[in-house]
Structure formats: C-alpha cells, structure tokens
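From first to last, the protein sequence lines stand for chains A and F.
Numbered by this note's numbering, the letters in the first sequence go through residues 3 to 112 in order.
Numbered by this note's numbering, the letters in the second sequence go through residues 3 to 112 in order.
Rather than coming from a laboratory, the hints here were simulated on the basis of the structure.
Given the structure is predicted, the values throughout are model-derived calculations rather than measurements.
In this list, chains with the same sequence are indistinguishable; a pair is considered to hold if it fits within one copy or across any two.
Below 20 Å or equal to it, Euclidean Cα-Cα: the simulated PhoX-like pairs (lysine-lysine) are: (1) K83 / K110; (2) K98 / K87; (3) K25 / K71; (4) K71 / K110; (5) K7 / K59; (6) K25 / K59; (7) K110 / K77; (8) K98 / K110; (9) K59 / K27; (10) K110 / K87; (11) K59 / K71.
Protein chains: 2
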Amino acid sequence: MMLEKTTRLTYLFDFYQSLLTPKQKSYMSLYYLDDFSLGEIAEEYDVSRQAVYDNIKRTEAMLEQYEEKLLLFQKFQERQKLMTKLREFSPNIENKAMFDSLLNELEKLD
Amino acid sequence: MMLEKTTRLTYLFDFYQSLLTPKQKSYMSLYYLDDFSLGEIAEEYDVSRQAVYDNIKRTEAMLEQYEEKLLLFQKFQERQKLMTKLREFSPNIENKAMFDSLLNELEKLD
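Could you build the full structure based on these sequences and the hints that come with them?
Have a look at this one:
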C-alpha cells in the first residue's frame with residue numbers, strides 16, 4: 003500500500019470514525035492502525051477475504067465523501083501551517099508560558 | 003421559538019448542512035435563516051404544514067446526532083474563547099500586522 007494513501011486514510015479515519023458502523027470501525031482499525039492483512043482480518047472474523055476487502059473499500063469511499071463535504075482533514079492541515087507560524091512569535095513574547103499554553107490548547111482541539 | 007435554540011440550530015445547520023438532502027436544506031434554510039413560518043414553507047412547496055414540521059423536526063434531530071459524534075460546534079466555541087485570549091497579545095507584539103493576519107486566517111477556517 004502506498005505510504006501517502008495510508009497516511010491520508012489514517013487521518014480520515016481519525017476524523018470521521020464516529021460516523022462509521024462498529025464493523026467498519028473494527029476492520030479499518032485492524033487494517034490501518036494495527037497493520038493486519040486482509041487475510042488476517044478475514045480469519046479473525048470468520049468471513050471471506052473478499053468480504054473484508056469490499057467492506058474496507060466501501061468505508062474508504064465513505065470517508066472520502068465525508069471529507070469532500072466537511073473538509074475536516076484539509077482544514078486541519080491549513081490550521082497546522084498557521085499554528086507553526088504563530089509558534090514562531092513565542093520566543094519574543096513576554097508572557098511566553100501563557101501564549102504557549104493557549105497554542106497547545108488550540109492544537110488539542112484538532 | 004426560544005432564541006437560544008434558534009441560535010444553536012442555526013450554527014448546527016451551518017456546520018452540517020453539507021450532510022443533508024436538498025429538501026432538508028431548503029426547509030431548514032427557509033425556517034431558520036429566512037424566518038419563514040411552517041405554513042409559508044408548506045404553501046411554497048405545496049405540501050401539508052405537518053409534513054414540513056415532521057421534516058424539520060427529523061432534520062433537527064439529525065443535526066444534534068452529528069454534533070454528538072463530531073462536536074464541530076462545541077470545538078468552534080472552545081476555539082473562539084482561545085482566539086479571544088490570543089488576540090489580547092496583539093497590542094504588545096512587534097510584528098502586529100503579521101500576527102493579526104495569522105489569527106484572522108485561523109478564524110476563517112472555522
């Protein structure tokens with residue numbers, strides 16, 4: 003699997019997993035986070051490899067549709083860039099501790 | 003209609019409208035943004051007042067479910083509070099124009 007695609011889908015899964023069914027969540031989590039193969043997931047759930055593959059492909063398409071509509075990943079990336087630039091102000095700020103803690107709290111919301 | 007409920011649903015509609023059907027979007031937009039009455043929407047679409055009411059109630063419930071899962075409105079409110087505190091640093095910052103413009107770009111992402 004291409005690294006870039008894996009990274010993107012791991013992020014999309016992170017943003018939209020609350021909108022998936024429990025089965026979709028389990029398969030995606032094993033495949034993308036725990037690095038199980040399709041065959042291993044199939045064995046674990048006693049279903050065919052093809053069934054796991056189809057489910058994961060459908061879920062990936064759903065995640066891309068949610069992203070097209072809500073843009074959470076895209077906005078996250080844009081926000082990260084702006085946060086990096088804001089952090090560059092930190093060394094010159096008098097109340098640096100307070101400033102840094104506000105930025106940390108902002109990032110935690112992402 | 004209670005003002006607080008209207009404000010909340012207007013925000014939820016803003017955040018999640020891309021996940022609604024065209025009909026749901028039209029009814030909600032007329033009701034919450036253009037201040038049409040249920041009767042006026044019913045007349046406009048040549049359906050019963052009850053049908054409009056049921057559709058809007060179902061849509062409101064959907065919006066609350068999306069918020070329960072994705073928390074976009076809640077995170078927006080928390081982010082707004084942090085942004086207000088960050089803005090207080092602005093007067094004492096040397097490159098104030100740059101700082102303000104970064105904050106503005108951040109807010110535009112919400």
